[in-house]
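Given the coordinates of chain P, assemble chain G onto it according to the supplied hints.
Chains as they are written, first to last, in our numbering: chain P, 1 to 266; chain G, 1 to 232.
Calculated directly from the structure, the hints in this document are not laboratory data. A couple of the hints might just be wrong.
[What the hints assert, rightly or not] PhoX-like mimics (lysine-lysine), calculated; alpha carbons at most 20 angstroms apart, straight line:
{"hint": "1", "chain 1": "P", "residue 1": "LYS106", "chain 2": "P", "residue 2": "LYS96"}
{"hint": "2", "chain 1": "P", "residue 1": "LYS111", "chain 2": "G", "residue 2": "LYS50"}
{"hint": "3", "chain 1": "P", "residue 1": "LYS106", "chain 2": "G", "residue 2": "LYS50"}
{"hint": "4", "chain 1": "G", "residue 1": "LYS50", "chain 2": "G", "residue 2": "LYS207"}
{"hint": "5", "chain 1": "P", "residue 1": "LYS151", "chain 2": "P", "residue 2": "LYS24"}
{"hint": "6", "chain 1": "G", "residue 1": "LYS7", "chain 2": "G", "residue 2": "LYS101"}
{"hint": "7", "chain 1": "P", "residue 1": "LYS222", "chain 2": "P", "residue 2": "LYS111"}
{"hint": "8", "chain 1": "P", "residue 1": "LYS67", "chain 2": "P", "residue 2": "LYS222"}
{"hint": "9", "chain 1": "P", "residue 1": "LYS105", "chain 2": "G", "residue 2": "LYS50"}
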Amino acid sequence: MSEKVKLYDQSKCTGCRGCQLACKQWNQLPAKQTTNRGSYQNPPDLQPNTWMVIHFQELETADGGVKWVFRKDACMHCTDAACVTVCPSGCLHYTKYGTVALDQKKCIGCKECISACPFSVPRYNPETDTVFKCDMCFSRIDNNMEPACVKACPTGALQFGDKDEMIARAHARAKELGGDASVYGDRFVGGTHMIYVLTEKPAALERLPEHPTVPASVIAWKKWLKPLSLIGAGAVIAGSFLHYITVGPKMPDDDETDVTAAKGGK
Amino acid sequence: MKKGLIKATSAYERVVHWGLAISCIILFISGLGMMFHSFNFLGTPVGGLKNLKLIHNYTGIVFAVFLVLSILMWWREAGIFSLPEDWQWMICAGGYLWPVKNPPEVGKYNPGQKLFFLAVALCGLLMVGTGIVMWFPYRFDLPVEFVRWMYPLHALGFFVIFAFFFVHLYLGTVGSPGSAPAMFSGWVTRAWLKKQHPKWLREEEEKGTLIVSGTHENHFSLKLGIIRIELW
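Excised from the complex, chain P in its bound form:
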């Protein structure tokens, strides 16, 4: 099965949020009332019941003007996903499409994925004691349909297809756009399965890490300490046993007032 990629072209996005609505509709995530914060962006951030959100950002241009830029914020579906590495229950897992899905029944609400994610995507719902995020509409893509957000996009800003083809398309589009346009996603964390064509430099965009990596703490914890603790525990157990059968215990000197003690029992 070939890996799939969702391509988001910032230059074609009009911020209509049809994708956001389609996501809520397909995944049955009713919205909650929010308050006006002086931005068209709504809700203000990803939530347990909002797995993708269009970020609205007012960007100052060099000539003193203001540019309105949009960015689809959702799970990036890393190839080397820190959330999958830390998940203790196997709830978060890679699918055959290279995307990262959740088995909601397995989530134990440990919240380990939340701090591990370099894009701060997973959201915890205290009511269900579980974590939620975009699963790239696994129920759809596994039935040869594109994700709901892609289906709903009226401008062609969202596309879905085979990984190689999408990446090639992204680079061609960035080249075509020229200027500050670039491809974001294929060169870190093993390559993401959501790829951006950005019209702005990544550093200029809010809440977007310029160089996302699997956190060093996750590597220290899962790649080094985990095997080390197993080896260490095995070594002391084996060492104690070997000591017992070779050197033997340290015995009290025999004392005629108490012989049972030397035999080691209560």
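Same frame as chain P, but now just chain G:
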């Protein structure tokens, strides 16, 4: 009760010891079930991994309470090294690990036990601290970089505590026969004390505070603000 046995620990000491030990073992098992996918099955008997998480979290509170009681109870006797004799003991591991002719005499706690106490006290506090952050990572408005490092530190604490725990288990039972009763009945033999803690035996005898079975009838004492009523 056999005559001539010597009282090595009070009931309070034993209760605190076992409170800490049992909570620690529950934490080992439940933590292991979450640390390795291959140990996920440890959650099955309690109805799933989520329950294992809850057991781990709440047992952590019990552990924290006994840890504080342990530190308050033992830091004077087991938390301070007396040099150079403790160092000399360390070099030969007190004769526990390989035959040593005349290891330095030790008091109530030998330097190995002191090291174990310090490791559990310090790593235990680390486990409680990191554990609270892991339980409530977003309650305290902590930077994500800080929260992230709690997990490897928690794993490091497990590594250290488990290694010491198992050596302690071995040397408290089959590796040093006669030791275990000190933490069950509290009564040990004179021969064992003479071999393992001769200085303590001598000092207690000199002070006349040694409690020997068959020599006292009803004993009533006050220690550390805890009323111990011991009848035998």
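Results for each hint:
1. P:LYS106 with P:LYS96: It holds: about 19 angstroms lies between the C-alpha atoms, which stays within 20 angstroms.
2. P:LYS111 with G:LYS50: At roughly 12 angstroms apart (the allowed maximum being 20 angstroms), G:LYS50 and P:LYS111 satisfy the hint.
3. P:LYS106 with G:LYS50: 8 angstroms, holds
4. G:LYS50 with G:LYS207: Roughly 54 angstroms separates the two Cα atoms, so the pair is violated.
5. P:LYS151 with P:LYS24: With a Cα-Cα distance of about 13 angstroms, the restraint between P:LYS151 and P:LYS24 holds, given a limit of 20 angstroms.
6. G:LYS7 with G:LYS101: Violated, at about 27 angstroms.
7. P:LYS222 with P:LYS111: With Cα atoms ~16 angstroms apart, P:LYS222 and P:LYS111 stay inside 20 angstroms; holds.
8. P:LYS67 with P:LYS222: It is violated: about 43 angstroms lies between the C-alpha atoms, which goes past 20 angstroms.
9. P:LYS105 with G:LYS50: 10 angstroms, holds
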